[in-house]
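Let the sequences and hints guide you as you build the complete structure.
From first to last, the protein sequence lines are chains A, B and C. Just so you know, this note's numbering puts 17 at position 17 of the first sequence, and the rest follows in order with no gaps. Just so you know, this note's numbering puts 1009 at position 9 of the second sequence, and the rest follows in order with no gaps. Just so you know, this note's numbering puts 2096 at position 96 of the third sequence, and the rest follows in order with no gaps.
Rather than coming from a laboratory, the hints here were simulated on the basis of the structure. Treat the hints with care, as some may be off.
Subject to a maximum C-alpha distance of 20 Å in a straight line, what follows is the list of computed EDC-like cross-link-like pairs (lysine to aspartate or glutamate) [said to hold, decoys possible]:
1. Lys2105(C) / Glu1019(B)
2. Lys1061(B) / Asp2117(C)
3. Lys132(A) / Glu2080(C)
4. Lys2105(C) / Glu2019(C)
5. Lys132(A) / Asp2085(C)
This one's a predicted model, so the numbers in the text were calculated from it and none came from an experiment.
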Amino acid sequence: MTHTVAVGEFEGPLGILLDLVERGRLEVTAISVAEITENYLGRIKQLGPSSPEALSEFLQLGARLLYIKSLALLPQPASEEQTEELRQLNLELEEYSRLQAAARELARRGSLRSWHRTATDTLPPQELPLPKIELSQLAEAFTRALKRLEPERSVGVIQHHVSLETVSHRIREHLGRGSFDLQSLLDNCHDRLEAIVTFLALLELIREGAAQVTQANQFAPINVEPAGA
Amino acid sequence: MPELDLTARLQAVLFVATEPLSTERLAEATGASAKDTLAALAQLEVQLASTGLRLGELDGKYRLITAPEAADTIRRFLREEANSDLSRPALETLAIVAYRGPLTKSAIEAVRGVASDTMLRNLLSRGLITEVGKSSEPGRPVLYSISQTFLQHFGLTSLRDLPPIPEVATEA
Amino acid sequence: MPELDLTARLQAVLFVATEPLSTERLAEATGASAKDTLAALAQLEVQLASTGLRLGELDGKYRLITAPEAADTIRRFLREEANSDLSRPALETLAIVAYRGPLTKSAIEAVRGVASDTMLRNLLSRGLITEVGKSSEPGRPVLYSISQTFLQHFGLTSLRDLPPIPEVATEA
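Shown next, in the form of structure tokens:
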């Protein structure tokens, strides 16, 4: 099953999710997180390196969905926590959907417009009071304006890119050498973003049946091993 | 020369003003009380109803503007195109600020689920939104609200003309 | 939305116009015949009689003006406006016109990063800047420069006498 989701420029992950949910194709718990992620990452690639924020925002939502999904996958009946998380996400989707409708209403008003007057009235110079400013203030104001024009220092540039494919490939390599501790995999991530992508990639591998995880008891280290090992 | 009533003098002042004026400023300019000024403004609004002008109001500040119904005529005169210049994400952001404002950047981003710095800078530079103060939250982030320019852009005389927010239920 | 009559649409066009308009130009904008336009202008004149505005006519060209009876109120208002302190953005705009003028509105906005028409109208109304012609750019936008009054007030003979701008410190 492949979802082709068109994502407009700067359109957020909620937009995609809303689109999917509204079309009634799936419930929040039924979303294949990996699929949407790949879809979105493909789109981000098209946008070029200019949208690291969009990428991280999407991954945050992805992580949330994963969490909800993990709660759903647990053997015990739906926990209070899961119900609350789902309720919260549905509230957010409702609010987003309502404001989208409001935006469409505004767009429909596109042909209406009001103008203010632009002609300007003034008095003869001799009737006008003189400005209470000093020449030095004028120079200062101009300096201030020029300063603002200076190019901003680029901050928060993402140093490296992580793609689902790369991470997935890396995990397969690990698996080729036998089992390993999940923590060691996450410890090698440069930042939270990479950790989330790694986690997503691992889940996808488990879904594909390429990997399996075991845990001796609660809070014990989680062991990742090749499926069928 | 016959005296003009307060309503007429207010209209004349609003005509030459370069920006929206508060009731206090209008009262000061006409030498009337705040109460009389408000009453005369209400009368002006009624008088203008069938004319080509309207009394625009936002946050208690008034400005004379053209009737939204005259938009086509004025576009032809100014040789301007219809508003098609706002992208979908821009309209979405404006709707959030209009219906949920004043609010901070992070509150806007919480609804949109996407970083909105560039979008906000763009809307600010076009004068469609304005900074209206600081939130009391930690870090005192800037609060954004829609502007008089926003109202005019969509042919709204005041916030009262803003259509009620549609109640769309998400079918999950 | 109800249609506006020709009189109302003419009023709206006259309101946004920056110069007096001929009957032909008004007929073109409203799509009415010259005869209907003239009749509607006569009606507009009657409608405006008790308001704060009048229909001014000179050499067959029309514009909206304030009622002569409001002259005192308007003069006092404009003087008070000119006497009020310049806001920080207004001072900045004035400085840009002083150091970089003559220049167009869009050139000013490129430096300031925000819509500046209200600011420019404010400075024009105060008599601190003036329109000094049109740029050769497409659309022939208006060029703004510092006024003679401004130069005289500061005892400057030319803009070359403005204080030099200190080197802008470059941050590493």
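Practice task
Assess, step by step, whether the Cα of Lys2105(C) is no farther than 20 Å from the Cα of Glu2019(C), and give holds or violated.
Solution key: Since the Cα atoms of Lys2105(C) and Glu2019(C) sit roughly 18 Å apart, the hinted pair holds (cutoff 20 Å).
Exercise for the section: Decide if the proposed pair is consistent with the structure: Lys132(A) and Glu2080(C), CA atoms, cutoff 20 Å inclusive. Expected result: holds (13 Å)
Exercise for the section: Measure nothing beyond the straight line between the CA atoms of Lys1061(B) and Asp2117(C); if it is 20 Å or shorter, mark the hint as holding. Expected result: Holds, at about 18 Å.
Practice task
Would you check the hint for Lys132(A) and Asp2085(C), treating anything up to 20 Å between C-alpha atoms as holding?
Solution key: Answer holds: Lys132(A) to Asp2085(C) is near 7 Å, not above 20 Å.
Handout entry: 20 Å Cα cutoff - pair Lys2105(C), Glu1019(B)
Key = holds (17 Å)
In summary, this structure violates none of the numbered hints.
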